[in-house]
Amino acid sequence: MCVHTTPCPDATSDARDLAAVVSSHPEQGWSLLCNGVVLFDDDGELLPDGRAVADHHEWRTAGLVPA
Numbered sequence: 001m002c003v004h005t006t007p008c009p010d011a012t013s014d015a016r017d018l019a020a021v022v023s024s025h026p027e028q029g030w031s032l033l034c035n036g037v038v039l040f041d042d043d044g045e046l047l048p049d050g051r052a053v054a055d056h057h058e059w060r061t062a063g064l065v066p067a
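For what it's worth, UniProt numbering labels the leading residue of the sequence shown as 1, then goes sequentially.
Mixed in with the good hints, there may be bad ones.
[What the hints assert, rightly or not] So the derived label-pair ranges between C-beta atoms look like this:
{"hint": "1", "residue 1": "A52", "residue 2": "A15", "range": "14 to 20 Å"}
{"hint": "2", "residue 1": "T12", "residue 2": "F40", "range": "14 to 20 Å"}
{"hint": "3", "residue 1": "A54", "residue 2": "E27", "range": "20 to 26 Å"}
Keep in mind the hints are simulated off the structure, nothing from the lab. Backbone N, C-alpha and C fix where the C-beta goes; we use that ideal spot for every residue, glycine too.
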């Protein structure tokens with residue numbers, strides 16, 4: 001699907017959410033990537049084959065700094 005000089009990651013790749021944005025709809029909370037993945041603002045994804053992928057990022061909090 002991607003025709004860029006440097007191809008974007010395939011929809012089956014772990015880096016699929018790094019593909020170029022083709023269409024963005026921030027008012028609705030989603031973007032279509034050039035590899036066919038729909039990326040949601042909550043970091044969930046919908047793959048081209050219809051499978052849903054939940055938020056897969058590890059969110060970490062800053063540790064306390066000793067005084």
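Structure-based check of all given hints:
1. A52 - A15: 14 to 20 Å: 18 Å, holds
2. T12 - F40: 14 to 20 Å: Taking Cβ atoms as reference, T12 and F40 lie about 19 Å apart, which means the hint holds.
3. A54 - E27: 20 to 26 Å: 23 Å, holds
Of the numbered hints stated above, none is contradicted by the structure.
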